[in-house]
Structures are given as structure tokens and as C-alpha cells.
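Asks: Chain B: place on chain A using the hints.
Protein chains: 2
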Amino acid sequence: MYSYPGSLKKLIARLERLPGIGEKTATRLAFHILEERQERVKELADSLLEARREIQYCSKCHNITDEDPCRICSSPDRHREMLCVVESPRDVAAMEKTDEYRGLYHVLHGLISPLDDIGPEELYLDNFVERIRNEEKLEEVIIATDPSTEGDATAMYIGRQLEDEDVNVTRLAQGLPAGGDLEYADEVTLSRALSGRSKLDNK
Amino acid sequence: MYSYPGSLKKLIARLERLPGIGEKTATRLAFHILEERQERVKELADSLLEARREIQYCSKCHNITDEDPCRICSSPDRHREMLCVVESPRDVAAMEKTDEYRGLYHVLHGLISPLDDIGPEELYLDNFVERIRNEEKLEEVIIATDPSTEGDATAMYIGRQLEDEDVNVTRLAQGLPAGGDLEYADEVTLSRALSGRSKLDNK
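Going line by line, the protein sequences match chains A and B.
With the UniProt record's numbering, the residue at position 103 of the first sequence is 103, and numbering never jumps.
With the UniProt record's numbering, the residue at position 203 of the second sequence is 203, and numbering never jumps.
One chain only, chain A, in its complex shape:
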């Protein structure tokens, strides 16, 4: 039975472990590596190790960082009255891209999902209430979890945790997405847009 040389088979198998990479893509990538310049392959291998080694979670907000505390937590320019709770570091990047939010963050690294057996103890919530109390200027906690069952459950849980704290707890608005088409909006989106309707300023 014919098979590829051992080190190629191994490379394909290890590429296949990556999320969203099936056998065909892994094979295509592996063949590309074989024909790529040696120093380019070395650069990729080094980057994998370096990123994995250097990047850690900020001990305050748990966002990814290469220094602790992270640049957002330690910046004097951030508004310490607001703290935004998000699922992942990618959500921090998305929020930052809006250029509208200048407050702090708290990254959960997951959402509560009873179906997948993920409870609040799996998220970065251990010292969350303590942190909220310690942020002296804090006035508002914005829960920015996904508008999904898991995001809703997580928002609800965090809301209850903060019930007795002296902060306003808010959640991102849900409704029609910009550029969307009402005709094609699903019922849940549409009914949330309806119940969240706001007064049109027409005076």
C-alpha cells in the first residue's frame, strides 16, 4: 500500500488537528510547506512557538497580552467608569474597532452553556465581583455577550452576581443589523427590534 513519506504524513496529521482544517486542506498546506523556502518555514515554526510562549492573559481583565497588566488595564487614558464584559479577545478587538468605547474590559473566555456542560466556574469569573468592587471609579458594567442562548444565560448570571453592587448593569442593544433587510430578518431579531423600539426624534 502506497503512502506518503513518514514526515509528510505526520505533518498532514498535525495540520488536521487545527480547527476547520480537514484532510484535503491539510494535504494542500503540507505540500505547500514542502516547496516553500526553508527560512519561511522556519519563520512560521518560530512564530507558532513564540506566540504560544509569550502571550498570556492579563491578570486583571484576562485579555491576551504580552505584558501584565495589559496595555488597556494600565493605560491612564481609559475611562475607568465603564467596564465591558465580553466572551473573547476577538470581541475586545471588535469593540475597539468601533472607536466608540474607551473603557475597561473583562474577558470571560467562554459563555455559560448547559448543553455543552459549561458552567460559570469554567469562565474567568472567580474574582469578578471583587474586581468590580475594587475598580473605584466604576459606574457601569456593559454586558456585551453574544445575542444567543449562551450569551443570554451568561448575561443573566452576571446580572445576578452584580445585583447588590453599586453599579449600573447594561446590555448591548438587540435589533436589526445595519444594512440589514427587514423582510429577511428572523422572527427573534424582529421581535427584539420591536420590543426595543425607541422614540423617533421628529420635533
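Derived by calculation from the structure, the hints in this document are not laboratory data.
Some clues are possibly wrong.
The list makes no distinction among identical chains, and a pair is therefore deemed to hold if it is satisfied within one copy or across any two copies.
[Unchecked claim] Straight-line C-alpha distance at most 30 Å; calculated DSS-like pairs for lysine-lysine:
(1) Lys42 / Lys10
(2) Lys60 / Lys42
(3) Lys97 / Lys137
(4) Lys24 / Lys42
(5) Lys60 / Lys9
Replies: Relative to chain A, chain B alone:
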């Protein structure tokens, strides 16, 4: 302006160099790497380097191999009367999977493509005619290039090179693919299937 930590940005940029990997996929893969176990990341990095270092082209057939000559060229069990010319090592794997072919190979690592400025000198054809003369038992050269403009041009070129040699030159049949649907076959496939029709054995 917010941006990811340096080593993460670098990893994303280097993953983006891979074929078919855009910014979104590179970001997704990089975040996976950050959360992957350290030894797993090391295994992947090692595999990249090892495959690139160990795998070479067989000096006889130019297929990928970790020993020279490769296992097919040096096997006493292969039928040395037949030699199959293919574009790439992946085509060797495809031919071997059929379990029908037990001959030798010659891997071109490309196809002639005037539009992309790829001429025969870019392919592994330097010593091809010499090799054909040296294979003493050789009776037939099967050209198994793709049924495409480039595959046709390459087959034509190789055919002319072998014009004066004492071997039969054949090419893989073109026609309807197994399980295909005549109604949806394109005109070229259908007209090739028609001109390549064979007598039905109904006696």
C-alpha cells in the same frame, strides 16, 4: 489604535502567507494556537521543520521521498515495462489508490502553460528522454496529465519528445466520469466521450 500583541500579529501574518488562508482563518488558527497545549504547538512546529528538511525529490522519478531513489523506483516488485508521467506527487498518490497500476512514475512538478509563462524548461524534463532510454524493460509511457489546456499542451510536448523512441506513448482516456450525469456533462467532455467511444461487447 488597539492592536493584538506583537507575536500574535506576526503569527497571523505568517499564517496568512499559506495558500487559501485569509485574514479571518489566520486569526482563528492563531487564537487556537494560543489556547493549545504547549507540547502540541511544539509538535506542529517540529513537523513543519522536519518535513521541509527531510523530504526531497527522488533523483530518478522526482516524486517526493525521504530516501533516494524512492521506494517505488527501487522496488523489485514494480512493473518496469510501464512508466506513468504525472503533474504532481498528489497524482502519484491518486494513481496508487486505484490499485490498478504497478509501473514506474515520472513527476513533472508542473504543466506547460504559455499563459503563465511556464515552458517545458520549468518542468522536471531535463533528463527525461535519457531516462526513457535507460529504462531497459520499458514498453509504454502513459501520459496522465490533467484533461485541461495545460495538460494537453504538456502531453503533446512529451509526445513529440518521444517520437523517435522505441516506446508506445498513450494517454489516459477522456470521457464521462463514473457516476456522472450525461444531461449535465459539459460539451467538451461529451464530445470527447463520443469520439472515444468503444465497441459494446454484446456477443
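Asks: Does each hint hold? Answer for all of them.
Replies: We went through each hint and held it up to the structure:
With identical chains, the CA atoms of Lys42 and Lys10 are at most 30 Å apart both within one copy (17 Å) and between copies (13 Å). For the identical chains of this complex, Lys60 and Lys42 are inter-copy neighbours only, at 28 Å across copies versus 34 Å inside a copy, given an alpha-carbon limit of 30 Å. Taking the shortest Cα distances, Lys97 and Lys137 sit within 30 Å of each other inside one copy (24 Å), while across copies they are farther apart (68 Å). In this homomeric assembly, Lys24 and Lys42 come within 30 Å of each other (Cα to Cα) both inside a single copy, at 23 Å, and across copies, at 23 Å.
For the homomeric pair Lys60 and Lys9, the shortest alpha-carbon distance between copies (22 Å) is at most 30 Å, but the shortest distance inside one copy (43 Å) is not.
Checked against the numbered hints given earlier, the structure satisfies every one of them.
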